[in-house]
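Participant: Chains as they are written, first to last, in my numbering: chain X, 22 to 161; chain S, 7 to 174.
Derived by calculation from the structure, the hints in this document are not laboratory data.
There are no misleading hints in this set.
Subject to a maximum C-alpha distance of 25 Å in a straight line, what follows is the list of computed SDA-like cross-link-like pairs (lysine to any residue):
1. S:128 <-> X:140
2. S:109 <-> X:144
3. S:109 <-> X:106
4. S:115 <-> X:137
5. X:116 <-> S:123
6. S:90 <-> S:121
7. X:86 <-> X:118
8. S:81 <-> X:134
9. X:24 <-> X:68
10. X:113 <-> S:124
11. X:24 <-> X:109
12. S:104 <-> S:69
13. X:93 <-> S:43
14. X:93 <-> X:64
15. X:136 <-> S:122
Here chain X is said to cover these stretches of chain S; the calculated rule only asks that three of the stretch's residues, wherever they fall, bring their Cβ under 8 Å from a Cβ of chain X:
16. 43 to 49
17. 55 to 68
18. 124 to 132
19. 138 to 144
For glycine and all other residues, C-beta sits at the position ideal for the given N, C-alpha and C.
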Amino acid sequence: MSKIVIDKTDRTPELIIDTDNGFFSMQYDSRPEDVRKFYYPILEKLKSILEEIKQAGNLSYFKEKPFVFTFKLGYFNSSSAKFILDILNIVKLFKESGINVEVNWYYFEDEDDMKEAGEDFSEFCEVEFNYFIMEDDDDE
Amino acid sequence: MNKSLNKVNFVFLGYMNEQELEILLNKVNVFLDENVTNLRIRRRIYIVTVEALENISRHTDKELRKNNKVKFSIKFENNTYILKFANLVYCKNSERIKSLLFKIKNKSKQEIKELYKATITKAQITPKGGAGLGLIEIAKVSGNNIDYKFKDIDDDICEFILEVKFDL
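Based on the sequences and whatever the hints tell you, model everything.
Facilitator: Below is the structure:
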């Protein structure tokens, strides 16, 4: 179990994966120069976390307390969208394994398109999202 | 860049690669911040610009790259923002773009969403970083207000021109 923090750059989002506390967060913009190099390790990490939880017999812990996935994205390009869906498909596997998951999707009040993107992702991965309006401070 | 009371222009003519793209997108961002007050349209113009220019930057044929001066402009006329992208492609490679654009053109919002879903769920990222979603995303974001043509330059090379409109 571990905590991983990847700082944001001009083209890649900040990422936090805190296994002990059941927390994943992705924030800011995503337009990596090499989208595969950026996202593949994240997908692998999430898959290994799922296996760790299952093998450690921690399923009951995450039945009580959800594993929270938070998305506070400003902008993402279409290649990133494909990988965000891949992440969400792993979230679906968490759920199917009996882990209680919570997906929180943030958007700015005047950005309906971002809310709609969340609704589309939710439909595509068949996991329910909670939607929150992001305050300016959330994006700092 | 030319700015007057009811007509604002952003024009780029030059070679495109990853570095140029970054510089250009920064300039586009500044231009949009200064000139497009409608936040929703500003954001949509940016999304379309990124997708179209990333496509050009990633997919321009290697041999064409050194002669391929990309044309890109944002024009505001009669309450409409008009984005135009033009670049050279080998005619033999244009069929794939034509067939996708033909498939997209005249689709309803719901049909575009279904095409987007079908594509993103099956998408494999190519070594160039493409997911085959760029043109569909452009159609989705613009409400399918797109037009395109291929202009023959010679027997092998043609110019691909993509126009995307946003009405105020």
